[in-house]
Amino acid sequence: MPRYLRNLIIALIVLAVLYGLDFVFQARMISPYFIRILMLSGIAITLAVSLNLINGFTGQFSIGHAGFMAVGAYSSAYFSVTYGANLAATLGGGKLAWAICLAAATIIGAAFAGLAGLVVGVPSLRLKGDYLAIVTLGFGQIIVVFLNNIEVVGGARGYSGIPIVQSFFWIFLIAVLTIVVVYNIVHSAFGRALIAIREDELAAEAMGVNTTRYKVMAFVISSAMAGAGGVLLAHFDGYLNPKSFEFIKSFEILIMVILGGLGSIVGSVLGAILLTVLPEALRGFAEYRMVIYSLLLIILMITRPQGLLGSTAAFRGWRGRRRKKSRTEAEEITAEDTRDSASVDKATLGERQSETSLREKDSKNK
Amino acid sequence: MKRILLSLTIVASLLLALACQPSGSGGDKVRIGVFMSTTGDTANFGISSVNGIKMAADEVNLAGGINGKQVELLIQDDRSDASEAATIVTKFVTQDQVHAILGEVASSRSIAAAPIAQNAKIPMLTPSSTNPEVTKKGDYIFRSCFIDPVQGAAIAQFGAKSLNAKRAALMVDRKNDYSTGLEKVISEVFTRLGGQVVVTQSYQAGDQDFNAQITSIKGANPDVIFVPGYYGDVALFAKQARDKGITVPLVGGDGWDSPSLYQIGGAALDGCYFSNHYSPDDVDPIVQKFVTDFKTRYGTVPDALAATAYDAARIMFDAIKRANSLDGAAIRQALADTKEFPGVTGKVTFNENRDAVKPIVMVKIEAGGKFVVAERVQVEGAAMPTAATSASPAAAASPAAPATGASPAAKTSPAATKSPAMTTSPAAAKSPVKTATP
Numbered sequence: 001m002p003r004y005l006r007n008l009i010i011a012l013i014v015l016a017v018l019y020g021l022d023f024v025f026q027a028r029m030i031s032p033y034f035i036r037i038l039m040l041s042g043i044a045i046t047l048a049v050s051l052n053l054i055n056g057f058t059g060q061f062s063i064g065h066a067g068f069m070a071v072g073a074y075s076s077a078y079f080s081v082t083y084g085a086n087l088a089a090t091l092g093g094g095k096l097a098w099a100i101c102l103a104a105a106t107i108i109g110a111a112f113a114g115l116a117g118l119v120v121g122v123p124s125l126r127l128k129g130d131y132l133a134i135v136t137l138g139f140g141q142i143i144v145v146f147l148n149n150i151e152v153v154g155g156a157r158g159y160s161g162i163p164i165v166q167s168f169f170w171i172f173l174i175a176v177l178t179i180v181v182v183y184n185i186v187h188s189a190f191g192r193a194l195i196a197i198r199e200d201e202l203a204a205e206a207m208g209v210n211t212t213r214y215k216v217m218a219f220v221i222s223s224a225m226a227g228a229g230g231v232l233l234a235h236f237d238g239y240l241n242p243k244s245f246e247f248i249k250s251f252e253i254l255i256m257v258i259l260g261g262l263g264s265i266v267g268s269v270l271g272a273i274l275l276t277v278l279p280e281a282l283r284g285f286a287e288y289r290m291v292i293y294s295l296l297l298i299i300l301m302i303t304r305p306q307g308l309l310g311s312t313a314a315f316r317g318w319r320g321r322r323r324k325k326s327r328t329e330a331e332e333i334t335a336e337d338t339r340d341s342a343s344v345d346k347a348t349l350g351e352r353q354s355e356t357s358l359r360e361k362d363s364k365n366k
Numbered sequence: 367m368k369r370i371l372l373s374l375t376i377v378a379s380l381l382l383a384l385a386c387q388p389s390g391s392g393g394d395k396v397r398i399g400v401f402m403s404t405t406g407d408t409a410n411f412g413i414s415s416v417n418g419i420k421m422a423a424d425e426v427n428l429a430g431g432i433n434g435k436q437v438e439l440l441i442q443d444d445r446s447d448a449s450e451a452a453t454i455v456t457k458f459v460t461q462d463q464v465h466a467i468l469g470e471v472a473s474s475r476s477i478a479a480a481p482i483a484q485n486a487k488i489p490m491l492t493p494s495s496t497n498p499e500v501t502k503k504g505d506y507i508f509r510s511c512f513i514d515p516v517q518g519a520a521i522a523q524f525g526a527k528s529l530n531a532k533r534a535a536l537m538v539d540r541k542n543d544y545s546t547g548l549e550k551v552i553s554e555v556f557t558r559l560g561g562q563v564v565v566t567q568s569y570q571a572g573d574q575d576f577n578a579q580i581t582s583i584k585g586a587n588p589d590v591i592f593v594p595g596y597y598g599d600v601a602l603f604a605k606q607a608r609d610k611g612i613t614v615p616l617v618g619g620d621g622w623d624s625p626s627l628y629q630i631g632g633a634a635l636d637g638c639y640f641s642n643h644y645s646p647d648d649v650d651p652i653v654q655k656f657v658t659d660f661k662t663r664y665g666t667v668p669d670a671l672a673a674t675a676y677d678a679a680r681i682m683f684d685a686i687k688r689a690n691s692l693d694g695a696a697i698r699q700a701l702a703d704t705k706e707f708p709g710v711t712g713k714v715t716f717n718e719n720r721d722a723v724k725p726i727v728m729v730k731i732e733a734g735g736k737f738v739v740a741e742r743v744q745v746e747g748a749a750m751p752t753a754a755t756s757a758s759p760a761a762a763a764s765p766a767a768p769a770t771g772a773s774p775a776a777k778t779s780p781a782a783t784k785s786p787a788m789t790t791s792p793a794a795a796k797s798p799v800k801t802a803t804p
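Top to bottom, those sequences are chains A and B.
For the first sequence, the working numbering begins at 1 and goes up steadily by one.
For the second sequence, the working numbering begins at 367 and goes up steadily by one.
Looking at chain B on its own, in the form it has when it is part of the complex (with noise of 0.2 Å):
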């Protein structure tokens, strides 16, 4: 009986303790919920995550607000947990009563916690989610960052049209469900843009030496070769292929930045190109606003994951004063008209199905390790291929999203451009070539 008691004692002081937890207060502020990972296995990327967001909420603070309104983030962290992120969008939507979310990087998690936010009708964006099932948990859910299918066919589109290939070789990662995704678009756009695959080859990650898969593609004489895999096994990939006198550019997805790309690859990854959410390096005033505030801010280079969350903020914000409301459903619709929206990415317009439709940037590798902007590759969210919409379930798939004429998708390509805005690349679908010299 004295042990129940103890327990009974110890449950009530700890339930106590979560009922006098300080809840959002209320007052005249927008109060907008981050959840990310800012502890647990995927730290480093909730941090970054957090940093871009703060940022972005003291400039419009110090601006004045929204309408007048101070922005004021609630901060959680879910220690890398879906079930701990659930929970705190409930805490968010019910205790906090905020207007908006923001998150999360990883997207089991925002997977885990989009349908609470969906059923408590409360806008939620994420800044670097790319799976395509989260914004198909409703349509108040939000994607400010571009989705693989989109990226592969950005990359194909840049290998058959900027770099005029014809033969193209591919480099997989068999046992990789990112390699493989990107690979399938890759081959598919690629075929239909023209060029011809010669050959895939395949490997697994961590594999040291790849003489077999170099031979046969030499053999093919490609005049590409699409890599879509990570950083570590590309460049060791990179170094032995220029060994073996093969010097067509190699072409991989974002898996590719990472500082050790370079270390590793060295002179070998000189005019190569890679897909990305944005380059530090771009001279485009924005971007180099951007850099320098957070530079001074932190005292580091913005990652991507900073700079897409910059922006996810930015684009929450401005929606919020667009609707001029602090109502979840005004909020979500001009989050929805969100059109050209000037971010550090790229410029952001929502498709019918909420996932973003910008410029992927294509990031060219110079001597030195110098990535440079090359080209900003602008692909139409609902121009995609077939493997890629069997990927991503596009529009049927998503009944939940209201048709309405004011849909962005429904102004920026009209249904008559969108297949063959991949085979001829409209001008407005491709902004002029951006080069950096150093």
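One chain only, chain A, in its complex shape (with noise of 0.2 Å):
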């Protein structure tokens, strides 16, 4: 069977099984509560998997998501609200009508986040070093306090009035979506640089990777990645509030991508579904849930630190702590070892220079 019909069949299953489920949640014969947390998860999924490609598989350090994702997700709603009515009563106003609509409007969502993390990324991207993740932080604050300045979109008191046309189908098609983009960018070429950049981004130039181009390119995609699962969450509840993509969404979801494990896709869906559904999980617990849950946190992360799921190679890569050693004999490293440099700290990032200055000679050696 020829590769391009077996992925044919591969996608019209997914689209089926999809289909299917999202045909029995209507029929209401599970309940809208766990429905909606699923809906919620593969929102997460998408937002997870995104930031993924840029802090898991290429190594820099973006916080500020949240803000592309608030981007995707009101310029899409400005869009839906102003003419997502009419667009959707010119195509005949049924239930596909408002689908196409959707898809418009993801579209445009994606755009625009991708435009901004262009802006973000070229100048940033640049430097080598921690700077996107301080760029990437105000991002994120500027955008709120542009949000919450701009009348058009409701400003402080939030945008309603979206309509809201979500459905399980297509919020796990973008997700499945973002993972397999997201899968392949990662098992190609592409990818292979990106990897390397990750690994030594000096060694990987010297090789011939023109790093800021590519960095720049997976930034760009995970930003409009981001920027769809904020388009996703819009037409949702059909409310956006500036205050719902504060930093501290940023960091949630690079928590749900750390404690999946950096580099992992499958790591990422596992700790998407994980923080999502967790805090529900433990609503019996009344006021200890929030106790009970950043407990949990700590202990896994304690006990795993390179995350669920996590390479051990991609986790080191992030620190900066990088070592002549293949991925099998870093796989075997030590607990101890691991659990002494649980934290970035500056320290290790003169050492890193160090270290890669002697890689380059190393590099060049071979």
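Hint data in this document are derived by calculation from the structure and do not stem from the laboratory.
All residues carry an ideal CB built from backbone N, CA and C; glycine is no exception.
Treat each hint with caution, since some may be false.
Partial chain B-side listing against chain A, Cβ under 7 Å, derived [unchecked claim]:
{"#": "1", "residue": "380"}
{"#": "2", "residue": "383"}
{"#": "3", "residue": "405"}
{"#": "4", "residue": "448"}
{"#": "5", "residue": "452"}
{"#": "6", "residue": "453"}
{"#": "7", "residue": "457"}
{"#": "8", "residue": "460"}
{"#": "9", "residue": "461"}
{"#": "10", "residue": "463"}
{"#": "11", "residue": "478"}
{"#": "12", "residue": "499"}
{"#": "13", "residue": "543"}
Take the two lone chains and join them into the complex the hints point to.
Have a look at this one:
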């Protein structure tokens, strides 16, 4: 069987399964509460997997994901509020018409978020080091202040009246698409270049990888997907508030990625589901809910600092501890070793620079 | 493969935990879902509100419940997050099958959750969300506090009628929609009541020096200065204004309500007024009983949020009692029929937008930082000025509300008295001045 035919069949099966589940859910055979949590998990998967592309695979530290999400959410919401009803009416006004509107809104949201990613990424990714973290953090803050002051989209009072046209089918279609795109990127030549940048930026450059270009590309793709995640959210509750996109949201997504494991797509999916379902599953504990939740996170991070399913190499690469060890050797790294450096400390940055210059020589010698 | 298996196990166990959650026990109880932010950035508001609601529920349960049925509160925290609020309400209406919902403090969370309650036809009453948008989500959504335009009208009416001011100065925080919203209404209503806004000056939250504005205000020689802002800036402004020899009273809104107000402003604020939901120093026996009970139970003086939440819970219990049924539609109708409910924050009646119409307390600041109730100002919700109606599109914007003859608005404010209500201030609309002398 030719490859494309196999892929096509798989795609059709996925579509059929999603559509079937959607149909079952709409028939209210399962409690809407579970479906809601499931849908929220789907949105979280989109966000976490897209952030993993930049933080996990490319090794750049971005902490402004919620900002891009906000750009996508607000731009698409503006589109849907202003043109959605008219567009749907011209297309026949049915469910399908709204689905087309939603698709258009998703594309618009992703495009705007991607554009924002380009604007933020081009200047900051030309530099090496942790500048991206600072710039993305700043971007996230600026977006919130900006949205708070735009009256057209409700300002601080929030943007309401967005058509609620979200479905299980669409959320998980976007989530699956995100996973497929990230998987394909990672397993392509492009992805190899990204991983090379993560492992050692100087060495990658020496090998002929245009690091800035690749980093910016990965960043723009990641931002656009975050924007798509924002679109999903905007049309889910039909209400947006700048408060939902504050930096705490960025950190929530970051925790999903780190908890699941940097550089692991399955890990991100797991982290996203875990962090969405866990607070709800713990509701029975009433006041102690968030205490238990935080404790669980701390225990998880102490016992598995590389994340639930994270590859140790990605973890070390991100942290900046580079050693001349092969991937297999790296997995045997002792728990002791990982624990003593569980956080990103400034000291290792200096060490990294000296190490990289050594590595540079090494790679040249090779 | 091993990884995927591991993930599947974790996810499956999580879902199992979710499914095994204790949901609302059935039985012969009145289940009230309460969603509040008891953690997160507005946690203090949420905790105050929950305390007020808990007290109201215990009182009704001690007295034998509602029509013999005990009240069961299902209190859930939404981490000050709008999406989580919507999730909780989904849980309330599906898993727990609550009969009524109370929440939220912040308008953003109420707006996110309201459509879910509306779709499930479960009445939802918010004690303190002031955004007009909240109750526009449908005819099952009620609000038991005043909205900002009403507050602005009350402030203006108080200035024009009770203080007999003819010339007003306005001091507004241009970057704050609460402040600019109030300013718009105040200046319009004040002008309509025969006054004149002689000068409008603006500042920005955090400003330290108000000399330029004060000079300009002093030159205009006003009888009253309206300062619809937050306590920090207001207190500083008051101090500097008094230093420059301005003696006329300053009047503001509930943004003033903070112990810090007097700590910063001190004696400069003596003789000034602000509008609020209630005052713990009110001599009204209902208020005093509430304050004493609350103090015995929690050890602190209840703030405005505890009072509004306490009232909201009691209004809901009262409606369920009158409905004599746990059916959502019956409770909704009973809620809509609520008339002159004697609450801590005043006598509550719902208008056709399902917003509470009730007197607004004007608090006078007396020497030593004592907040006493100067007057209860009743502003008809339907008699709002045009500036306010543009901020809160009224009747026309909510066709969802059934215009039955039993609609409370129809009873309390016949159309004819609506518009002059502001100018003539009929006896019924304004209760006698109550001054608590210390």
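Here is what the structure says about each hint:
no., hint, result
1, 380, "5 Å, holds"
2, 383, "4 Å, holds"
3, 405, "5 Å, holds"
4, 448, "6 Å, holds"
5, 452, "5 Å, holds"
6, 453, "6 Å, holds"
7, 457, "5 Å, holds"
8, 460, "5 Å, holds"
9, 461, "5 Å, holds"
10, 463, "11 Å, violated"
11, 478, "5 Å, holds"
12, 499, "6 Å, holds"
13, 543, "6 Å, holds"
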